[in-house]
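Peer 1: Protein sequences, first through last, are from chains A and B. Taking my numbering, the leading residue of the first sequence gets 10, the next gets one more, and so forth. Taking my numbering, the leading residue of the second sequence gets 6, the next gets one more, and so forth.
Everything labelled a hint here was simulated from the structure, so no lab data went into it. Treat the numbers as computed from the prediction; the structure is a model and nothing was measured. Treat the hints with caution; some may be incorrect.
[Claimed, not checked] Here are the simulated BS3-like pairs of lysine-lysine, each with C-alpha atoms no more than 27 Å apart in a straight line:
#1 K219/A with K77/A
#2 K172/A with K21/B
#3 K357/A with K308/A
#4 K28/A with K357/A
#5 K11/B with K21/B
#6 K252/B with K357/A
[Said to hold, decoys possible] Okay, the calculated beta carbon distance ranges per label pair:
#7 E12/B with V140/A: 51 to 59 Å
#8 R165/B with R170/A: 42 to 50 Å
#9 Y84/A with A203/B: 53 to 61 Å
[Unchecked claim] Chain A is nowhere near these chain B residues, computed Cβ spacing over 12 Å in every case:
#10 M10
#11 L48
#12 G144
#13 L235
#14 T237
#15 Q260
#16 V271
Glycine is no exception: its CB is placed at the ideal position from the N, C-alpha and C atoms.
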Amino acid sequence: MDEGFQRFRREYASRVSRKILFAVLILVASFLVFGLTLSVGEYNIGFIESYQIVFDHLMGIPVSDRMKDLIIWDYRLPRAVMAALSGSGLAIGGAVMQSALRNPLAEPYTMGISSGASLGAALSIICGVCVVPALSGEPATVINSFVFSLVPVAVIMLVIRFKKTTPTMMILSGIAVMYVFSAVTTMLMVLADPTSLSEIYQWRVGTLGKATWGNIPLVAVFVALGIVSLWALSRNLNVLMTGNRSATSLGVDTRRLMMMSLVIVALVTSAIVCFTGTIGFVGLIVPHLVRIFIGSNNKYLIPASACFGALFLLVMDSVAKVAGSTGLPVGVICAVVGGPTFIYILIKQKKSAWR
Amino acid sequence: MNGDMKEEYRRHIIRKFLFIVVCMAAIVLVVGLSCNIGQDLSLAETYSLIYNHIIGVTYLERSPIWWQDYFIWNSVMPRLAVAVIAGASLALGGTVMQSMMANPLAEPYTTGIASGACFGAVAAIVAGVSFSTIAGQYGIVTNAFLFSLIPAFMIIAISRYVDATPATLVLVGTAISYFFNAMVTMLMVTTDADTLQAAYLWQVGSLVGVTWSDVPLMLTVTAVCSVFVLYTARNLNLMILGDNSAKSLGLNAGQYRIMCMLMLSVMVASIISFTGIIGFVGLVSPHVVRMIIGSDNRFVAPASMVAGALMLLVADLLARSVSVTSEIPVGVVMAFIGSPIFLMLILFQKKGYGEVY
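So here's chain B without its partners, still in its complex pose (with noise of 0.2 Å):
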């Protein structure tokens, strides 16, 4: 009886560790086909090429091969690798978003980060009113990031003098990023026609123009926090149940969610500050692993940032692949593909999935 049981908990484990390696799997496969495009490479050739470049192969110079490596280099992996990281960060930040505040609309923009990010790059782009002195693509930068964390911060301080449950929080949070989307409208809708294009364009975030240099920031921060998450996982377990229970089985609720929230703050202002406010993937991936392989959160944070991480390259490798010129944004293109996918799972998946909240 008992070894029975054992047996289907290790089996129970082993799914949830298989869900993982599956899609790490898919991650290195798609990476292969997104560095495809465009070349006439075999795929064997290309991950070749990408393990010589590694090893520290040199190539003769303006060679064709020396090309080749130069475009997948230089062109298309700083790419996936802001890709790779901005899904696994986003998405993490849903699941924590979701287990901490108990609700499944939660997101990682639920404290009004994206709508700070989105004033301080449209004041830039629009009124050229910047933090910085720094020009251009930058200023934008700089001010995206720095504006992104005042919503945070009025949270945090905010959180100080009300009965912190997670409804006021979340309540906060929208209030304040209803006052700066409202702030970002006034200056679009009084800005001219071009303009307000541009603006739009940096709103619906894509991963165009990235380059390696601003990979390591983003790095730095989504490592350290998914670390941080990764390690205290059970403590999200005991957030859903509440905070009287997380309170009463040992857990300083309230403290924790501020910790958390400072730390996924930071770590998605880093990330939009460089891309644009990227939807859809922080609130849908933790949810379609949920369905998967259930929601003990110590498995939920880990393969959720591995789906995440595949679901944006994926969509990214489709908004490349329909063309290569005109640039698709690749948020679009994951919402078209992902919601209908995403709905499915919801009409098929067998048990009661959505009694956890």
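If we strip away everything but chain A, and leave its shape as in the complex, we get (with noise of 0.2 Å):
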């Protein structure tokens, strides 16, 4: 009896520090991964020499080729900071939301965020309309989207608030907000003139090659808070997975539970899509990836999606930069490269992790 609690106890040991031992090799591949998408580009600058030239500006050091130095500070360390961090929140939305609905379609998106920001995308582009006034251009698409992608979130709320918080009522819900609002904008986009249509259509695809340094502080803070609040969720997610009354007669308070993942999730959610557009894939497929490896237990499953979404988004990233100079859309890149290695690993897994 004691030896084989003695036993079960080194097991479960080995099981848990195989788990820690995924999600930190998976953070020093994206630290890897991050220098090499550092000296990707057109303008040719070594591996080691991209972490030197970050190393000396942070430290104040003055750097001896002020070109090299402008480049990597100000166009490449952006693009690259704000391809992990939307690869992280997004990864993390896509878990928690599929543990928290029960469904392994559900991703970061399944509450109509993406088609509330394409709407305040495409007012903004297509009709000059903000809801700040006197602002145009590139702030106004970004503010609308991020209001407008908040407005599906709260109806989803209005909902539980009346209604009982099963999955399958808050995902139909989620639908029928999400065709109000894409309804609108593909009538938006009918009308349009093709060139506006062009714009609007690339917005959607999502692009992170419009991140710069002002911009990256507030995704930040969003992200993070999102995943150590998220991660202090996890407990309870792991108790809601088990079904609403059996996490009620648990003791978890599945409504509040419910409210405030998602809650958390709209915010991170739209703060980078405000930003980057709609980048698909990464939300839905990441978390999956995850769980192949190290299982569906949240208290990994969540730090291990932030690490891997970010490794994917950073690898994607560079693929994409590498791939062509004409701009190929991160998102595209993503489903081209990561959907059939996804099938791939979805034929090899021993048995399935969806039981």
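Join the two chains, each given in its own frame, into one complex according to the hints.
Peer 2: In structure tokens:
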């Protein structure tokens, strides 16, 4: 008995350390890829040299080559930081949504955030309308898409207040709101002239190219707070996965938990989307990939997804940069490279991770 | 006691039949109204015109009534026929998918059919790549049809190698549709603005420009598939319980799922290659029907077919009555009017719908 217990403990410890090892490995890999993506571009800068420049700049050591410093610090670094931030933000959003709604198809955009943001952007780009008057151009698009992306979430919150919080209910109300918004967006896009259509289409595909130091602090704060608070909820999310009734009888306030996790995911996602456009695929697929490797325990899934999401988007952005100077959007690369990889891993996995 | 229960059961069944009958009556009404738009005819005259055409009355060529008959029969009717067939088959596809995958987010396009079709059509429009040598419109249709079958067959091929649970299949489908969507996006962002507009308009989906010659294929495929689904609707009820329960109740769940997917793919492909991607109806119509008459698939399948047809007809009627000349895509109207109603239904339905999944 005692020996069995010891063996059980050892086994458990080794499993946990495997999960932690996975997260650490991903973190190291992200760090390496971070350097890689800094060194990739039209102007050739060495792999080690890129780190050197970043380090020097941080320490305030004057850099000999002003040109290289400018390229790294002002152009490539913001983009890489944005890639890491939005990758991890979208990935934890997906992980939490899938757990909270108990649906493998759920993603951060399931609540209609992307359709709201698209409508906001379309209003600004096609009609020149902004919720804050006297703004136009790029800032108007950002503010519009942030404000509009939160409207569907507000509607869902209202539904939750008055109705039962079954996942199906929430998914269905999300779908309803999403369709209203995307109907208006489609209408605007159908009536738009070809040039505006092309611009809004580009926005919807999502790009990291517009990242600047100006918008990174905001995103960083949202993503960091999101990761910490969702991680704090992870134990309750695990309980929630057993079903609403079991969770309630185990002492979890399901309504509050669902509302909290949805609001946090919504804020993080909106903060990312308003600067990058709706980058798809990451939020849906990355949590599933992580599940295949380390299982569905939210305590490990959420931080590991955050690391893996950052790595995933950094790799894809590097591929996007190598693939063409025409500026292929990173969302496209994610799906083209990631889709087949995901299917391959699905085929290769030993047992299904979604029983 | 026993009699009471029988009586109550009978009332339940009658209510379900009543729903279907009411929807059918509404379809007839909306068809009449649609034919009426842009003509100075009373509703009764419209019906008599349609009836006369069906029984084979012919008019003096180029007389006013001949023109009216011609307009209704060659310009409005094909469109209505396609609306009915498309609505019914997309709704049926949604019903089957949702039950089969036990997932309320599933829709006929979940297996990637739409993105495949999109890729085919956009490739034809943007790059001029086509499987067929037929130029123009039919090049796009053939291309869309052939490409839309690729994801479906990929899933069926892959399902042999993976543990074919609903979750895995749905994820494979989503990954494939992401892949094709990305290819579409790649074509679209690299093309010029005007071609992008043409390709985007195809994607939105509309009933503009359909003719009688499009109807036979759609009708045949839809009829065959719906007979299959309606005949085996009992099995769908078992599928909702999960694969293990379905198996222990004597259904080969995996095989039935593949059969259904094959059927649905061909059916949906034959619709959307003519109309483009009409959204909303396939996802929402089964949910609406379930809220009204419950989740028994023997009734949900036929009822959502008539409800889907009705939804698409009403949306088309509204689109055309708002403006006869500039065409608003029917999917947009449907989503715009339909979603608030859907949300209302969610808010005001009494029992805890949504526990079935």
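Peer 1: Next, verify each hint and record whether it holds.
Peer 2: Here is how each hint holds up against the structure:
1. K219/A with K77/A: holds, 20 Å
2. K172/A with K21/B: Holds, at about 25 Å.
3. K357/A with K308/A: Roughly 25 Å separates the two Cα atoms, so the pair holds.
4. K28/A with K357/A: holds, 19 Å
5. K11/B with K21/B: holds, 16 Å
6. K252/B with K357/A: Given that 27 Å is the threshold and the Cα spacing comes to 25 Å, the pair holds.
7. E12/B with V140/A: 51 to 59 Å: holds, 58 Å
8. R165/B with R170/A: 42 to 50 Å: holds, 47 Å
9. Y84/A with A203/B: 53 to 61 Å: The hinted range 53 to 61 Å is violated for Y84/A and A203/B, with Cβ atoms some 35 Å apart.
10. M10: holds, 28 Å
11. L48: holds, 29 Å
12. G144: holds, 22 Å
13. L235: Per Cβ check, L235/B is outside 12 Å of chain A; nearest 25 Å; holds.
14. T237: Holds: least Cβ distance 24 Å, greater than 12 Å.
15. Q260: holds, 18 Å
16. V271: holds, 22 Å
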